[in-house]
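Engineer: Got chain G sorted already, so can you dock chains C and R onto it with the hints?
Residue numbers (our numbering), protein chains in the order written: chain G, 1 to 340; chain C, 1 to 347; chain R, 1 to 150.
Just so you know, these hints were derived from the structure itself, not from any lab.
There may be inaccurate statements among the hints.
Below, in silico cross-link-like pairs of lysine-lysine (DSS-like), each with a Cα-Cα straight-line distance of 27 Å or less [as the list claims (entries may be wrong)]: (1) 19/R x 69/G; (2) 139/R x 207/C; (3) 213/C x 140/R; (4) 28/G x 213/C; (5) 203/G x 138/C; (6) 45/G x 207/C; (7) 129/R x 212/C; (8) 74/C x 47/G; (9) 69/G x 65/R; (10) 27/C x 28/G; (11) 212/C x 331/G; (12) 46/C x 331/G.
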Amino acid sequence: MAKFVEDINKLLVELASKVELYVPTTNKSIVNFEKFTGEPFEAEKFKNSTEPIKKILFPESEILYFYKKDENGYKFEQVPLDEKKKIIFGARPCDCAGVERLDRVFYGDYMDPYYDARRKNTIIIGLACNEPPYHSCFCTSVDLSPSSTVGMDVLATQLENGYLLEEISDKGKELLGSSELVRDANEDEVKKAKKLHEESHKKVKKIDIDTNAIEFESDLWGREGKRCIGCGTCTFLCPTCHCFTIEYVGSTRQGRVIRSWDTCQFQAYSLEASGFNPRPNKGERVRQRLHHKYRYFADNFGEFQCVGCGRCVNLCPVNIDVREVMVYFKKKKQKEEVIP
Amino acid sequence: MSKEGIKSEIIDLLKSGKIKSFVGYEKGTNPFFLRPLITSSVEEVKKADFSVLCVSNLVRYVIDDFKIALPRGKTRDSRPIAVVVKGCDSRAVNVLLQEHIIKRSDVFLIGMPCNGVIDPKAAESLWYERNKTHDPTKIRISNEGMFEIADGKEEIKLADFDEIESEKCKVCMHNNPVIYDELVWDKVDDKKVTRGERYKKVDDYEKLDPEKKWLFWSDEFSKCIRCYGCKNICPLCYCEECTLAKDKEKAVLPNEKIWKTSWIDKEVNFSNNVAYHMNRAMHLAGRCVDCGECERACPVDIPLRLLYTKVEKDIYERYGYESGMDSEVKPVLATFDINDKEEFIEG
Amino acid sequence: MNVITNVEEKATEKVWEPKIIAFLCNWCSYAGADLAGVSRIQYPPTVRVIRVMCTGRMNPSFVIKAFQNGADGVLVAGCHPGDCHYIQGNLYARRRYSILAGLIEFLGIERERFMMSWVSASEGGKFAKVVTELTDRVKKLGPQNQLRRP
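Chain G extracted, bound-state conformation:
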């Protein structure tokens, strides 16, 4: 059953009065998800945020626990889990699919209580793309779409006279049922939204990604790697990258243990205690990242880890383009004439 709301900003104000609401907020030249301040949300001006929503569920740095040494030994103090109710509004379908990929990791072999506390208390309202926001978007090439509903609780689509709100999960249903501003949608509105979704899907350029075509031993990695500067931007702004490091901050007497984002693109990531580094050069690290996204994750979980948001393509200062690499391998497999 689909719902409709005429004035989205009134709904946002109502939601913000009950819980912490995160909306895309413009801060000079970048857009990020910040707490709602009352400023009206304009969907026409919003493409996609610079930082994905993983920041809200999996922060850059967080304290795991405190330790203190007294005469009896070490005492540990647990940090209270973050169980505040949150709502994220305006996340694009690619970012929401990224959350679903993160779920696989943090709920995999071992349930991560810090992530779990945030995840189950957060409701995600996704915003369908009426047209691909960037020229580098390629969600349709990784089995997603501008209106995919993976990882979200409600899907919002902007129409001329308001927003169509489709309930995806039980949490979403409950949320929409609790507001008086939300009414049932009529058939016309549902049809219009569906048409928008279909047209938008066609507009995204599709490339053929063949997970079996990616070669481990290839000259391409050396070439891409020479250009790479190892800045880590691709990993920090990727909706699905989740590597972290656990470190001690403090002294041997007392301090805290923190978990912060790490990146496989830094040299010390794979540095072993003996001093040996299996990935000493950048080409190897670029290769590892692309294999992880398109091969290893796909082999383990049956889906690409990449969600096609295009941030790594847009923000790489030296234009290392995932799409180009995939096209190269596909063409090579088909033995077409390739000019890399």
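Structural biologist: This is chains C and R only, laid out in the frame that chain G set:
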């Protein structure tokens, strides 16, 4: 010289083995800048291009060449690398020579006199606002501006060059390379920018109240995610063990011991971010050549050039020194004058 | 910034006293401070002295780290120009700290918290005066919260 002339000279040098590799610019998948091309193959040199889209500072790759981990038993090939340098980039080479990181015989400099390059981020956002075709392959950017190649082969002007020119180029005082072996084309006239114009933004900013200044910088530094993009792309940040890295981030060659040298805590919080940027500004005092790469690499658009230009202004006004102009003089903070101004010393 | 902190600080009932960190060069300023002590010249006891061999050895990172660790004020004191035990260490430091002082002011951090001074071995009175002045200035400004690490 011309573009083709310089390319055939490079090919000759590669074929005769006089240079090891060529670092230039080539067309990539991003229509708003040319990406670096690092190659020792003659076929690939033919793809090189020179235009207002040559935004990157390629001197970074000269430093990287010294850091590549080699298989056991192999020694480093010490033949020169041919690298394309603009005015700002050539000053970076001078700083490296001054600090004895590279020798003059390690590089073969191909100077590219330039009247300004574009800012890819500004050009991209203007394109999104103004374009009609939504097709990135139909963009043409030249020193006259940004054009859209419409279907009827008629070009529509989307933006003037002034609107997409990089901020650093508007106040550039060195359009011609200050050190080079060959030039791609004839030298251009210097832009006649005065020091006052160059430091105008810093001067305007210094007039603000301290509270406003702190508010501005708090806002900016709280965006920082410590990705180290600024440090990794800077050609002058070449230290094997960086004191600002998160512990062992920039490790030395794999077979050497790494000691904890970090002066900044690993946690990504506001206090550490401010400390990181302050320390980095001090490390670049008297060395930064304002190539603008740090600001371009920053994914959250922190105005780093404002900070580093302030330090550059202080160095110039107090000690009359400009970085990267002469590779024979001593660096400014490694010298002194008994009559240096000490009005800031109290008591 | 998504750092979750839950640190409970023990509230002290005493009046806040500023923490001043003074980096003194071994040959002149430290001896000057010693002289002030021996001559029974009063100066605020809240100053904590760190002896370095020469101000030329001082890294600007020390000042920044001191602020991060909770210092309310930082003093750097060395020999007069021309009198340095290592001939020119303080002359290098003069250049370095001129830039740091400008940078501190540019960022909007309270400039009055950082002070640099020349104190020779015979100037016990000057050392006391310098420390008292800095402590008074910092007392007016209050605790330092701009660079303090959580």
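Engineer: For each hint, tell me whether it holds in the structure or not.
Structural biologist: Against the structure, the hints come out as follows:
Between residue 19/R and residue 69/G the alpha-carbon distance is near 26 Å, which keeps this suggested pair within the 27 Å criterion. Distance restraint check for residue 139/R and residue 207/C: the Cα-Cα separation of roughly 26 Å lies within the 27 Å cut-off, and the hinted pair is therefore satisfied. As the CA atoms of residue 213/C and residue 140/R are separated by approximately 20 Å, the hinted pair is consistent with the 27 Å bound. With a C-alpha separation of about 16 Å, the suggested pair residue 28/G and residue 213/C falls inside the 27 Å cut-off, and the hint holds.
For the suggested pair residue 203/G and residue 138/C, the alpha carbons sit about 16 Å apart, so the restraint of at most 27 Å is met. Between residue 45/G and residue 207/C the CA atoms are separated by roughly 34 Å; this puts the pair beyond 27 Å, and the hint is violated. Annotation: proposed proximity of residue 129/R to residue 212/C is violated, straight-line Cα distance about 32 Å (limit 27 Å). For the hint pairing residue 74/C with residue 47/G, the CA-to-CA distance comes to about 50 Å; that exceeds 27 Å, so the pair is violated.
Taken as a hint, the residue 69/G and residue 65/R pair is honoured in the structure, with Cα atoms around 25 Å apart against an allowance of 27 Å. Between the alpha carbons of residue 27/C and residue 28/G the distance comes to roughly 30 Å, so the proposed pair goes past 27 Å and is violated. Between residue 212/C and residue 331/G, the direct Cα distance comes to roughly 56 Å. Violation of the 27 Å bound is thereby established for this hinted pair. This hinted pair checks out: residue 46/C and residue 331/G have alpha carbons roughly 22 Å apart, not beyond 27 Å.
Of the numbered hints given earlier, the model fails hints 6, 7, 8, 10 and 11; all others are met.
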